[in-house]
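Student: Single-letter residue listing:
Protein chains: 2
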Amino acid sequence: MNLTGQHFLGFERSGENPEYFTAINPATNEAFGVKYHVAGQNEINRALVKAEEIFTGYSEVTAKQKASFLNLIADLILEAGDQLIEICMAETGLANGRITGERARTINQIRLFAGLVLEGSWVEATIDTAIPERQPAPRPDIRSMLIPIGPVVVFGASNFPLAFSVAGGDTISALAGGNPVIVKAHPAHPGTSEIIANCISEAAKRSGMPDGTFSMLYDSGYNTGRLLVVHPQIRAVAFTGSFAGGKALYDLAQTRPDPIPVFAEMSSVNPIFVLPEALKTSAGSIAKAIAGSVTLGAGQFCTNPGLVFFIGDENTVKLPEFLGEEIRKSIPQTMLTPGIAGNYHKDVSHALADKNINLLMESAEASGQNQAKPVIALVSGAAFEQNKNLSSEVFGPFSLVVSCDSKDQMLRIARSLHGQLTASIFHDADKDLDDFTLLPGILKTKVGRLIFNGIPTGVEVCHAMIHGGPFPATTDSRFTSVGTSSIKRFVRPVALQDCAHSLLPPELRDDNPMGIMRLINGKRSNQS
Amino acid sequence: MNLTGQHFLGFERSGENPEYFTAINPATNEAFGVKYHVAGQNEINRALVKAEEIFTGYSEVTAKQKASFLNLIADLILEAGDQLIEICMAETGLANGRITGERARTINQIRLFAGLVLEGSWVEATIDTAIPERQPAPRPDIRSMLIPIGPVVVFGASNFPLAFSVAGGDTISALAGGNPVIVKAHPAHPGTSEIIANCISEAAKRSGMPDGTFSMLYDSGYNTGRLLVVHPQIRAVAFTGSFAGGKALYDLAQTRPDPIPVFAEMSSVNPIFVLPEALKTSAGSIAKAIAGSVTLGAGQFCTNPGLVFFIGDENTVKLPEFLGEEIRKSIPQTMLTPGIAGNYHKDVSHALADKNINLLMESAEASGQNQAKPVIALVSGAAFEQNKNLSSEVFGPFSLVVSCDSKDQMLRIARSLHGQLTASIFHDADKDLDDFTLLPGILKTKVGRLIFNGIPTGVEVCHAMIHGGPFPATTDSRFTSVGTSSIKRFVRPVALQDCAHSLLPPELRDDNPMGIMRLINGKRSNQS
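Protein sequence lines, in the order shown, are assigned to chains H and L. So for the first sequence, our numbering puts the first residue at 1; every next one is plus one. So for the second sequence, our numbering puts the first residue at 1; every next one is plus one.
Derived DSBU-like pairs: lysine-lysine, alpha-carbon spacing no greater than 35 Å straight-line:
1. H:64 - L:488
2. L:407 - L:346
3. H:388 - L:247
4. H:488 - H:388
5. H:247 - L:444
Don't read these hints as lab results, they were simulated from the structure. As the structure is a prediction and not an experimental result, all values here were calculated from the model.
The following block holds chain H by itself, in its conformation from the complex:
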C-alpha cells in the first residue's frame, strides 16, 4: 500500500492539519517516509462522534460476525507481508526475526480473541429464575452478563510495535468486548501503524462493521492524547509505557467530571531471587538464562529483570562471575528511539555514580547510533535497603545484582518491594522451597505473575496469563493486559429483571442457543 500519513476517522482518511512529523530510523538517526499529520481538535471530534453514534450498533454485532472481523484483521496483517516487516524494522531498529516473531504473536493473539468471542462463555451469563410463590415477596427473574463499556482510547506502545500497538492486545480485547476503539498511534512507528490501521479498517469494511468502529490518530506530542482522555465520549483508556506517562494519563482521567477507568501498565523491575541450593547446583545455567532475559530486545521489555538477589558474596558464590561472563559476550543493540537510548545512557551513568554500586561487567562498546551497551552492577543488600531509588526501573539492558547477607535480609527486601508485573524464584527441587517457605507468599502479594525457575521475559498469550500487578506496575491490579481475561477491562455487568424473552440477548435466553457455560440458580451449566 501507499502510505499517506493521514488519520483514520472511522472509514474517512484525513490530514487537514498542516503540522506534521516524520519517522526516524534509530539505527541511522535519519528521517524517512511520508509526512504524518498531527491530529486537530476537529478530527478528534469527528472520530469520537462516529464512535459514540455506532456504539450501540457495534455492541450488538453478533459473536460470529465479531469473530470473523477479528480473524480478517489477522489475515490482512499477514497479507501486508514484507512491506510491514521492512517498515517496522526501519522504524524501530528491531531485527527481522524479532518483528516476524512479534507478528506471529500478534496474529495468534487476535485469533485467540476471535475464538473467545465465538465460544461466548466469557460474558459470565448468570441467571436466577423467578420464584413467584416465595414468601414474604416473590423472587423476580434476574439475568446478567458483561456488556461493552463504550468507546476506548488505546495508546500504542513503542516497545512492541505490533503486539502492544495498533492491533495489539488492548485494541483487540476492546474490540472483542464490543467497544469502538480510537488508537493514538505511537510516533516512533507511524508507518507500521498506518499499515496495521489499514488492515483493521479494511477488515471492518469487508465484515460490515459500522463506520466508527475503529479510528487512529497521529500526534508526535501529548496534546491529542490529553484531548482524548478528557473527551466526554471516551469510557476507558489503555496504555503501556513509562510510569510518568501512565500516571499522568491516570491523573488526567480523574479530573473529568465523570472519572473513567485507566488501565496503565507502567513500571516494573521484575526481581529475580536465586536461592542457595539452586546457586550451588545451577549457577551457570541460571546466569545464562538471566543474562539472556536482561539483553533480549535491547532490554526493552516490560518484563525485563532489573534486580537479581542472592545470598552470599562474589567470593563465595559464582553467580556474579557467570553473569558477568554472559554480559561480556553480549552485543550492543539499537534502541527504539534516540530518546530512549539517551535516557538509558543517562540512567546507567547515574546508577554507576553511586558509591555503593560497583560495575560488575559491561559488553563491548556500542558501535552504531542509539545502541545500548548491556551493563550489570553489584550492590550489597545493606546498601540496597538504605536507598529506595535502587529499585527504580532502568529501561534497557541493565540489571542490578544484589548480594544479601542473610535469608532474613532477602525476605525483608522482598517485603519492601513495591508492585511488580513479575517476580521469579530460582530454586532447587525441594530444599530451597523448604528453607524459604515464606518467600512465595510474600512475592504473591507484590506481583501479577510469580515464576519458578524461569525468566520473566516471554509473556505467553493464553487464558491463564496475568500481565498486571499492584501499583506502580499498573494502575489497577484487578485486571491484566495480556491474555483473554484482559477483555474484562472494557466491559461491565448489567442485569435485566423480568425482561421479555424476545428482548433477551442470545447469551441469556432459556434455550442457550450459543451453548455457553452459565451460572443458573447457582449451578454452572452449558445446557439450556
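Fit chain L to the supplied structure of chain H, relying on the hints for placement.
Tutor: For chain L alone, coordinates are given in the frame of chain H:
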C-alpha cells in the same frame, strides 16, 4: 450484651480518646445509650498494623474454615435477638418489620457468601498446561486465580443499618474474598454497630481467625474515614452513601502515592418509563406500585424512583391522578437522622420553588420529629430538558413526574440521562416494545439493572444481581455492590508459572480437590 462504646481493634477493645458522641433517636431527637469514643490516630494504626500482619495468614485460611466463620457470624446475629432489633429501631426510626426483614436479608446474604466460598469456583481458576515440545519456544505451565487484594475499609451506610453496614454486603464480600476488614461505623446507629461488630469479632475468635481479621472504629466526623483511606496499609475502599461523600473519598484515594480502588455506590434517581399501551391498560396498578416504591422506608433507598416519565398530559392520561391519589393516602415516616430530614425538607422546597414544577400531591402533614411527608410534583418534558438540575437526587419520598410531548422527546431524555443504578420500563405485552425498540438499548448504556414491569426497590441478593452502574451511580461501573459477584471488587488475579505442585493452592492442583469449575486449556470443566 452490655454496650461499651469502644472500638474493635482486632480482638482488643479500646476507647482511649476522651472525645465521644452519642446515639440519637430520630423519632424524639433524644440522645441515649453509652458514650461512643472517637477513634484516635494511635487506635487507627493499631487496627491497621494488625490487619497488615495477619493479611497473609487470613488469606490462606481454607474455604471451609472461611465458610464456617461467615455462617457463625450469621448465627450470632440471630442470637443477638431482640436487643439488636430494639436498639436498631431506636437509632434509625425504622419499624420493627423493616428491621426484622433487613436482618433476614443480611443473614441470607452472609450464608450466600459462605456457600459461594465453600463451592469455590468463584476464584476463576485457569490452567494452561505446559507444551515442552512447542516451537519456536516451549509453552510453560501457567495457572491463575483470584487472590485477596489486602486490607479493605468499609464505610457503614445509614440507610440499611444491617444489610449495608457493619456485617453488610461490603464487609462480607471482602471477608469472603480473604481480606481483613476495617469498618468505619456509621454514627447514626452506633449501638447497632457495636452489637454486630461483637458478633463478627466473636465469630472470628471461635472460628480461629487471626486477630486483626476484623476491626471497627467509631467517629461522628470525617477524620477517621480520611485517615483510613490514605493509610498505606489499606488496599481498597467500599462506600455506600451520598454523591458528595463517595466522590470525596474517591478523590482522596487518588491523592495517595499509590492510588487504590474505591468502590462508591453514590447517587441514582432510578428513572421509570411508563409506555403508552401500559398507561391505557394498567395506569392504576402501575401508580400503586410506583407510589409504594417512592414512599417505602421514607424513600431512603438507593433505588428510590425519583423520576417517572410518560407521554401525554394530566388531561389525557390518568397516571398523574392515580399517583396523586396514592401519595395522598400515604403516611409521613421518621427519617434516619435529623440531618437527613432537614435536607429532605430543603430539597423538596427548592424543587417546588421552580416555576416550571407544579406540586401534584402531598400526604398529610408530618406530626412527629424528623418525619418526611411524601410529595410528588409534575414537570413538562420541555422544562425537564432545559434544566439539568431536575435529574438530581432528592433523598426521601419525593418523585418528579415528567409529561413528555412525544416519543422522540422521551427517547432524547433517556439518552441525556447520566449513570443510574436502575431504570424501569412499564410496557404492555407486545405493542409497547414494538413501538419503543430503541429504549431498552439506550437505557442499558445508562444503568446497572434494567427492570421490566417492576419497581426498582427490593434489590434481590442473588448471583445475577447487579447493583452498580455508570458514574455517578458508582465510581466503577465494572463492579456490583450486591450479589455474589460483588466479591470481585476485592480480589485480583495472580498467575503462577511452572510452580512446584506442592506449592499450588488447592484450586490450581491437578487433582482439583475442591471439584471447582475451571478453565483448562480453554475448556471449562469441574473434573481433575
